[in-house]
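First to last, the sequence lines map onto chains A and B.
All residue numbers for the first sequence refer to numbering that gives the first Met the number 0, where the first residue is 0 and numbers rise by one.
All residue numbers for the second sequence refer to numbering that gives the first Met the number 0, where the first residue is 0 and numbers rise by one.
Just so you know, not all the hints are guaranteed correct.
Said to hold, decoys possible - Here are the simulated distance ranges between beta carbons:
{"#": "1", "chain 1": "A", "residue 1": "Val237", "chain 2": "B", "residue 2": "Leu73", "range": "41 to 47 Å"}
{"#": "2", "chain 1": "A", "residue 1": "Asp92", "chain 2": "B", "residue 2": "Leu237", "range": "55 to 61 Å"}
{"#": "3", "chain 1": "A", "residue 1": "Leu188", "chain 2": "B", "residue 2": "Val193", "range": "50 to 56 Å"}
{"#": "4", "chain 1": "A", "residue 1": "Gly227", "chain 2": "B", "residue 2": "Arg114", "range": "56 to 62 Å"}
{"#": "5", "chain 1": "A", "residue 1": "Leu9", "chain 2": "B", "residue 2": "Phe15", "range": "38 to 44 Å"}
{"#": "6", "chain 1": "A", "residue 1": "Val80", "chain 2": "B", "residue 2": "Asp131", "range": "27 to 33 Å"}
{"#": "7", "chain 1": "A", "residue 1": "Val237", "chain 2": "B", "residue 2": "Gly24", "range": "49 to 55 Å"}
{"#": "8", "chain 1": "B", "residue 1": "Leu73", "chain 2": "A", "residue 2": "Val195", "range": "45 to 51 Å"}
{"#": "9", "chain 1": "B", "residue 1": "Lys153", "chain 2": "A", "residue 2": "Leu136", "range": "56 to 62 Å"}
{"#": "10", "chain 1": "A", "residue 1": "Leu9", "chain 2": "B", "residue 2": "Arg58", "range": "36 to 42 Å"}
{"#": "11", "chain 1": "A", "residue 1": "Asp107", "chain 2": "B", "residue 2": "Phe15", "range": "30 to 36 Å"}
{"#": "12", "chain 1": "B", "residue 1": "Phe15", "chain 2": "A", "residue 2": "Ala22", "range": "34 to 40 Å"}
{"#": "13", "chain 1": "B", "residue 1": "Asp117", "chain 2": "A", "residue 2": "Val237", "range": "51 to 57 Å"}
{"#": "14", "chain 1": "B", "residue 1": "Gly14", "chain 2": "A", "residue 2": "Leu188", "range": "51 to 57 Å"}
Unchecked claim - Residues of chain A clear of chain B, computed beta-carbon distances all greater than 10 Å:
{"#": "15", "residue": "Ile18"}
{"#": "16", "residue": "Ile41"}
{"#": "17", "residue": "Leu76"}
{"#": "18", "residue": "Val100"}
{"#": "19", "residue": "Trp110"}
{"#": "20", "residue": "Leu137"}
{"#": "21", "residue": "Ala177"}
{"#": "22", "residue": "Tyr202"}
{"#": "23", "residue": "Leu230"}
{"#": "24", "residue": "Val231"}
{"#": "25", "residue": "Leu256"}
None of these hints come from the bench; they were simulated from the model.
Virtual Cβ for every residue (Gly too), placed ideally from N, Cα, C.
Residues per chain are reported as follows:
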Amino acid sequence: MRVLVGKEILELRRTFRFIILPALFLVFGILGPAVIRALPLILKNAGGQQFDMQLPEFGPADGLAQYLELSRQMGLLAVIVVYMGIVAGERKDGTLAMLFVKPVSRLDFLWARWAVNGIYVLISFLLGCVVAVLYTLLLLGRPDYGAMAAATGLYVTYVLLVFSWTTLFSALVRSPAAAAGLSVVPLFLLGLLGYVWKPLGLYGPYGATAAGTAVIGASGMPSVPVPGSALVSAALNVALSVLCVLGAYRALRRAEL
Amino acid sequence: MNAIELDGLTRDFDGFRAVDHLTLGVPRGEVYGFLGPNGAGKTTTLKMLAGLLAPTAGRATVAGEPVGSGTSSLSLRRKVGFLAEEPSFYPWMTAVESLVFVGRLFGAETAEAKRRADELLKIVDLAGRRKDRIRGFSRGMRQRLGIAQALMGKPEVLLLDEPASALDPIGRKEILDLIASLRGEATIVMSSHVLDDVQRVSTWVGILQEGRLLAEAPLEELLLRYAQPVFHLEVAGLQERERVATRLRGEPWLREIVGEGGGLRILVADPEAAQLRIPGLVAETEAHLVEFATVTPTLEDVFIHLVRGEAPPDDGPRGAQTGLDDAPPETGGDALRAYRDETR
Numbered sequence: 000m001r002v003l004v005g006k007e008i009l010e011l012r013r014t015f016r017f018i019i020l021p022a023l024f025l026v027f028g029i030l031g032p033a034v035i036r037a038l039p040l041i042l043k044n045a046g047g048q049q050f051d052m053q054l055p056e057f058g059p060a061d062g063l064a065q066y067l068e069l070s071r072q073m074g075l076l077a078v079i080v081v082y083m084g085i086v087a088g089e090r091k092d093g094t095l096a097m098l099f100v101k102p103v104s105r106l107d108f109l110w111a112r113w114a115v116n117g118i119y120v121l122i123s124f125l126l127g128c129v130v131a132v133l134y135t136l137l138l139l140g141r142p143d144y145g146a147m148a149a150a151t152g153l154y155v156t157y158v159l160l161v162f163s164w165t166t167l168f169s170a171l172v173r174s175p176a177a178a179a180g181l182s183v184v185p186l187f188l189l190g191l192l193g194y195v196w197k198p199l200g201l202y203g204p205y206g207a208t209a210a211g212t213a214v215i216g217a218s219g220m221p222s223v224p225v226p227g228s229a230l231v232s233a234a235l236n237v238a239l240s241v242l243c244v245l246g247a248y249r250a251l252r253r254a255e256l
Numbered sequence: 000m001n002a003i004e005l006d007g008l009t010r011d012f013d014g015f016r017a018v019d020h021l022t023l024g025v026p027r028g029e030v031y032g033f034l035g036p037n038g039a040g041k042t043t044t045l046k047m048l049a050g051l052l053a054p055t056a057g058r059a060t061v062a063g064e065p066v067g068s069g070t071s072s073l074s075l076r077r078k079v080g081f082l083a084e085e086p087s088f089y090p091w092m093t094a095v096e097s098l099v100f101v102g103r104l105f106g107a108e109t110a111e112a113k114r115r116a117d118e119l120l121k122i123v124d125l126a127g128r129r130k131d132r133i134r135g136f137s138r139g140m141r142q143r144l145g146i147a148q149a150l151m152g153k154p155e156v157l158l159l160d161e162p163a164s165a166l167d168p169i170g171r172k173e174i175l176d177l178i179a180s181l182r183g184e185a186t187i188v189m190s191s192h193v194l195d196d197v198q199r200v201s202t203w204v205g206i207l208q209e210g211r212l213l214a215e216a217p218l219e220e221l222l223l224r225y226a227q228p229v230f231h232l233e234v235a236g237l238q239e240r241e242r243v244a245t246r247l248r249g250e251p252w253l254r255e256i257v258g259e260g261g262g263l264r265i266l267v268a269d270p271e272a273a274q275l276r277i278p279g280l281v282a283e284t285e286a287h288l289v290e291f292a293t294v295t296p297t298l299e300d301v302f303i304h305l306v307r308g309e310a311p312p313d314d315g316p317r318g319a320q321t322g323l324d325d326a327p328p329e330t331g332g333d334a335l336r337a338y339r340d341e342t343r
């Protein structure tokens, strides 16, 4: 297991993944507060004299919420694209066959790959959070650190889940592109179904992110304490992530190479 | 005791039978040449033995360990080294990193793995490229690195799928010499469709066609079994050659006489009588004898016989046990044509 973890870390250092995800979340961390700071000016310039809309007063919470929103939409799409080949790519390149004729347990391979890259995705996301807090402080004023930490904690579970189902789909299908296609479906479907069926929206995987935004209290809304449903949703996200890895193992265990 | 035992090993792919009730044994320490045209089932068999493919039916053991499915036991994989026809590596690793990584997967300490990696890189002539990323390696270099990787775990059984297919003549010779040097240390199964490669290093040969074993025996026995009483005769001048051929055609022991290069290939029924009589008959025609020799059979001759579905020559020396009775009739000609097309 240690050897496999070492290989994963070396791979991260040697490939484009090392740069792309932290850079992307870092950009979102700057962009979120900056967009909120510049939004009234942008809207005014775009609308000219005809602009007559009353904008809410934007505050530090909006800067942070904007970062989380960008990460949830664009950031998670990037995670899917970067990790669509986490298993399928190795199978396609023949390295999986090379590895599995050696005394390597398929479960160890999967755990090492999931754990190292999962931690890396979360570190990249958290790096963006830190940058977003700093820029919020610079451009919009002092944020509520406690609320931001709570929201980040809730979002982290959802980020982990998206990475984990990408791993599962990558183990289920042979083509990385197909894995990406399958991974995008729940990303959109979960949010949509959450609006249609309230319990899913509250307790389902997407509930943690919706609650996270409410906890920060953006768009002029007051900050609320973390609801119990969000904790259930976060716990479900972690449990589903582990199930995704076990499902990926089940697929890989039977795979012929 | 055999290092590898196959008992009715079968593998189907969507209704197509790639390996058909293969039963054979590979004695410990031998270099077993697994011969057959492309699509004969060699790679599928090797992949089943390496645990990458599950058999549809039948059983197999490698180094005493049962071969089951895609999740073959770790103890089996500790004893086996496998080289795929097109070996794969992590392109972002250097050659030495790749070998150390494999060594550590086999449980070696880093220092020990590095020492063995350097040793093997020297053997496969990649010591000068040890710190280069594999991304930039040519196919031949990757094949040599693949052989080093297969040897990293000091395997009891080495499964090599077309190990010399991407190499230039010098690289080919070096790798075949390396394989020959491992004889006795490890049991090696080497698949190839290049007859010459197999004849150069193998001690045992199995010939596969359409997933079925046509013959299996020690190389020497197989050659003897299919040896034909054939002589090669060369005389100076074309007219003289015709004169000699005409003279020999009258002999009762002659079966067939054909032109071969600048000389004649003479197939006889009674080799002793022929050997005694031919020089005298040549002298009678007043031709100048340049060369007269017994033709040593090659693996190619054996292969051609087998894929044509021909029995061994009646009066040829006996020895090897072959699976010729199981050979599918009437299919050899097509297979031979296909084989020639592929190897041309």
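Comparing the hints with the structure gives:
no., hint, verdict
1, Val237/A / Leu73/B: 41 to 47 Å, "violated (30 Å)"
2, Asp92/A / Leu237/B: 55 to 61 Å, "holds (59 Å)"
3, Leu188/A / Val193/B: 50 to 56 Å, "holds (54 Å)"
4, Gly227/A / Arg114/B: 56 to 62 Å, "holds (59 Å)"
5, Leu9/A / Phe15/B: 38 to 44 Å, "holds (41 Å)"
6, Val80/A / Asp131/B: 27 to 33 Å, "holds (30 Å)"
7, Val237/A / Gly24/B: 49 to 55 Å, "holds (52 Å)"
8, Leu73/B / Val195/A: 45 to 51 Å, "holds (48 Å)"
9, Lys153/B / Leu136/A: 56 to 62 Å, "holds (60 Å)"
10, Leu9/A / Arg58/B: 36 to 42 Å, "holds (40 Å)"
11, Asp107/A / Phe15/B: 30 to 36 Å, "holds (34 Å)"
12, Phe15/B / Ala22/A: 34 to 40 Å, "violated (48 Å)"
13, Asp117/B / Val237/A: 51 to 57 Å, "violated (45 Å)"
14, Gly14/B / Leu188/A: 51 to 57 Å, "violated (37 Å)"
15, Ile18, "holds (14 Å)"
16, Ile41, "holds (42 Å)"
17, Leu76, "holds (25 Å)"
18, Val100, "violated (4 Å)"
19, Trp110, "holds (15 Å)"
20, Leu137, "holds (38 Å)"
21, Ala177, "holds (20 Å)"
22, Tyr202, "holds (37 Å)"
23, Leu230, "holds (38 Å)"
24, Val231, "holds (36 Å)"
25, Leu256, "violated (5 Å)"
The structure is inconsistent with the numbered hints 1, 12, 13, 14, 18, 25, although it conforms to all the rest.
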